[in-house]
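Chemist: Spelled out, the chains give:
Protein chains: 2
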Amino acid sequence: MGGDHAPAVVVAGAVAAAHDLDVVIQLVGPTALVTEALARVADTPGAASDWCSRITQVEAPDVIGMDEAPLAALRRKPGASIKVAMEAVARGDADACYSAGHTGATLMSAHAAFGLLEGADRPALAVLVPTLAGQAVLLDTGATLDCRPEHLRAFAMMGAAHARVVLKLDAPRVGLLSIGEEPGKGNELIREAHALLSAVPGLTFTGNLDARDMFSGSVDVIVADGFTGNVTLKVGEGLVEALERMLKREVGQSLASRIANWLVGRGFKRLKARMDAGERGGAPLLGVNGLAIVGHGRSDARAVRNGIATAVQLINEGLVGRLKGALRAG
Amino acid sequence: MGGDHAPAVVVAGAVAAAHDLDVVIQLVGPTALVTEALARVADTPGAASDWCSRITQVEAPDVIGMDEAPLAALRRKPGASIKVAMEAVARGDADACYSAGHTGATLMSAHAAFGLLEGADRPALAVLVPTLAGQAVLLDTGATLDCRPEHLRAFAMMGAAHARVVLKLDAPRVGLLSIGEEPGKGNELIREAHALLSAVPGLTFTGNLDARDMFSGSVDVIVADGFTGNVTLKVGEGLVEALERMLKREVGQSLASRIANWLVGRGFKRLKARMDAGERGGAPLLGVNGLAIVGHGRSDARAVRNGIATAVQLINEGLVGRLKGALRAG
Numbered sequence: 001m002g003g004d005h006a007p008a009v010v011v012a013g014a015v016a017a018a019h020d021l022d023v024v025i026q027l028v029g030p031t032a033l034v035t036e037a038l039a040r041v042a043d044t045p046g047a048a049s050d051w052c053s054r055i056t057q058v059e060a061p062d063v064i065g066m067d068e069a070p071l072a073a074l075r076r077k078p079g080a081s082i083k084v085a086m087e088a089v090a091r092g093d094a095d096a097c098y099s100a101g102h103t104g105a106t107l108m109s110a111h112a113a114f115g116l117l118e119g120a121d122r123p124a125l126a127v128l129v130p131t132l133a134g135q136a137v138l139l140d141t142g143a144t145l146d147c148r149p150e151h152l153r154a155f156a157m158m159g160a161a162h163a164r165v166v167l168k169l170d171a172p173r174v175g176l177l178s179i180g181e182e183p184g185k186g187n188e189l190i191r192e193a194h195a196l197l198s199a200v201p202g203l204t205f206t207g208n209l210d211a212r213d214m215f216s217g218s219v220d221v222i223v224a225d226g227f228t229g230n231v232t233l234k235v236g237e238g239l240v241e242a243l244e245r246m247l248k249r250e251v252g253q254s255l256a257s258r259i260a261n262w263l264v265g266r267g268f269k270r271l272k273a274r275m276d277a278g279e280r281g282g283a284p285l286l287g288v289n290g291l292a293i294v295g296h297g298r299s300d301a302r303a304v305r306n307g308i309a310t311a312v313q314l315i316n317e318g319l320v321g322r323l324k325g326a327l328r329a330g
Numbered sequence: 001m002g003g004d005h006a007p008a009v010v011v012a013g014a015v016a017a018a019h020d021l022d023v024v025i026q027l028v029g030p031t032a033l034v035t036e037a038l039a040r041v042a043d044t045p046g047a048a049s050d051w052c053s054r055i056t057q058v059e060a061p062d063v064i065g066m067d068e069a070p071l072a073a074l075r076r077k078p079g080a081s082i083k084v085a086m087e088a089v090a091r092g093d094a095d096a097c098y099s100a101g102h103t104g105a106t107l108m109s110a111h112a113a114f115g116l117l118e119g120a121d122r123p124a125l126a127v128l129v130p131t132l133a134g135q136a137v138l139l140d141t142g143a144t145l146d147c148r149p150e151h152l153r154a155f156a157m158m159g160a161a162h163a164r165v166v167l168k169l170d171a172p173r174v175g176l177l178s179i180g181e182e183p184g185k186g187n188e189l190i191r192e193a194h195a196l197l198s199a200v201p202g203l204t205f206t207g208n209l210d211a212r213d214m215f216s217g218s219v220d221v222i223v224a225d226g227f228t229g230n231v232t233l234k235v236g237e238g239l240v241e242a243l244e245r246m247l248k249r250e251v252g253q254s255l256a257s258r259i260a261n262w263l264v265g266r267g268f269k270r271l272k273a274r275m276d277a278g279e280r281g282g283a284p285l286l287g288v289n290g291l292a293i294v295g296h297g298r299s300d301a302r303a304v305r306n307g308i309a310t311a312v313q314l315i316n317e318g319l320v321g322r323l324k325g326a327l328r329a330g
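If you read the sequences in order, they're chains A and B. If you count by the working numbering, then the first sequence holds residues 1 to 330, one letter each, in order. If you count by the working numbering, then the second sequence holds residues 1 to 330, one letter each, in order.
Bound conformation, chain A alone (with noise of 0.2 Å):
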């Protein structure tokens, strides 16, 4: 029932994605609101019909609005489809959940209904960006505002787990968002951090770096406090907003700049589909004894059934186990 456009887009990319991978899928939700929902997709003409079978109804009466304060809505609403959806998940009913409902909600239920893994005190969204060498793992970006520097050494330990399942990588670089590559350069939060990095075993900790060098592709996992992560993060979104209205208009009016515009135009388009695809539909919540997958509230059919792609991924890799050797390791 979360995004922008549920639950349309959810039942629409949950079909999707029940067609094309292997995966069985529970709506969780208003039975009525859904059934109608699905319904209205069976009737499209060249809907896919092979996923009957692979996708059934929880009943959850409530739903959390995206505008409601988080927990006050969740105590007021014991039966919401996010709350619904997470202790089945924790039950073992289901092996993760996907929401393009409200973050904070979803964040809260995720916390709440799986509890904390031994090692993280704090969970994080880890999302990819995308750089000139590929992509790259980006921590936390929202999920905990407020860091303590051994809430970061966390984050880093569990981004480099993520980067090895996502990214295929052995022995990923990690990097600490800073002003300066030097050790002494950042706040007092990312001053201590690094002195905590630079002592985790089997980290390959490259340092402070700058975020000049965010996109350069000189780390693999990028890690930060969820405020500076998630402004970094709008930033780069609205740059390229901006950049793109005012890119065409030094360009110029003649014929051969239409042409460039035009070609800008698809350009950028291009780049911004890499971006979303570097979003895979969804961020994974890491710190959590649970697979939360967090997507965007603007989400249409075609995100939400990457995100349940992404979810996926994450089960076979065994991600949440993973994240749990690393956090021991340290």
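Heads up, some of the hints might be wrong.
Covered, in the sense of this in silico footprint (three residues per stretch, anywhere, with C-beta under 8 Å from a C-beta of chain B), are these stretches of chain A [what the hints assert, rightly or not]:
id	stretch
1	24-30
2	138-147
3	161-175
4	226-232
5	240-247
Beta-carbon label-pair distances, calculated as ranges [as the list claims (entries may be wrong)]:
id	chain 1	residue 1	chain 2	residue 2	range
6	B	E188	A	E59	32 to 40 Å
7	A	K168	B	R249	19 to 27 Å
8	B	P183	A	Q26	32 to 40 Å
9	B	A195	A	D121	23 to 31 Å
10	B	R245	A	M66	33 to 41 Å
11	B	R249	A	D95	34 to 42 Å
12	A	A69	B	E237	53 to 61 Å
13	A	G202	B	L21	54 to 62 Å
30 Å max Cα-Cα, derived DSS-like pairs, lysine-lysine [unchecked claim]:
id	chain 1	residue 1	chain 2	residue 2
14	A	K248	A	K272
15	B	K77	A	K272
16	B	K185	A	K77
Because the hints were derived from the structure by calculation, they are not lab data. Every residue gets a Cβ at the ideal spot worked out from N, C-alpha and C, and that includes glycine.
Position chain B relative to chain A; hints supplied.
Modeler: For chain B alone, coordinates are given in the frame of chain A:
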């Protein structure tokens, strides 16, 4: 003596400023080196020669290197050019100090020589960033890396006073950089600062600015702690560089594409020039009882000349007095 190409570009920039601005310049550094650099500029064919009466020298035997730890270096080198220059301003022998040198050493020297304004517990570096609507003042961008809410309150008041001077606005709109617009969004620092800023008399506080909207032009002053502000600036710089390269790849290799790439390259060049012009050759340090302009270490002669022009403008506008007044009014 500051910057990556000192003293040559600093001297060349000073000569250019003495040529086309109504200003008298004291060059501070080891006299032998500075004299040599001046002679080289004078020997350049076509060089202006009307500056002789407007440039004098002040001996300072020591120089702080770009890689030195600033606090220790300043203690070890009482005759450091940056210290001698700031003290000349504090004594009233000059109206402002411009430096392209070690930022940390420049900030510390200004702080030590000038002291802080009443009501400003910490200094803040204010830069101009380009937006879709023009420009906005972003502060702090690195002078105070660990902030308390009351520091952000003073930054907001000083930022507004600065925007009145440099953006010629009567009632600049002030936003608090965060991860969403709602008052509850952000880390502890931002949530507490939001409450403080809401209560400042005469401040046009528009609430939280979602980092995604940073370049939209919806505010004239963007308030952040020095760490977040500096990361933001560097992520922006790094992304512009990376995007240009990614975009050229995405646009492709056909003949039309190669023409487009040339136009894109020209567009990016203009954009970068606009961003540089935005820095106006240097950023003033707000909150100290004197005028210090911090230039980029990579400044060329034109940037040095522009930094001096910024100093002249801010002297003529009486910036420091207006900051004092703004802090008193709050």
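Chemist: Okay, which hints does this one fail, numbers in order?
Modeler: 1, 3, 12, 15
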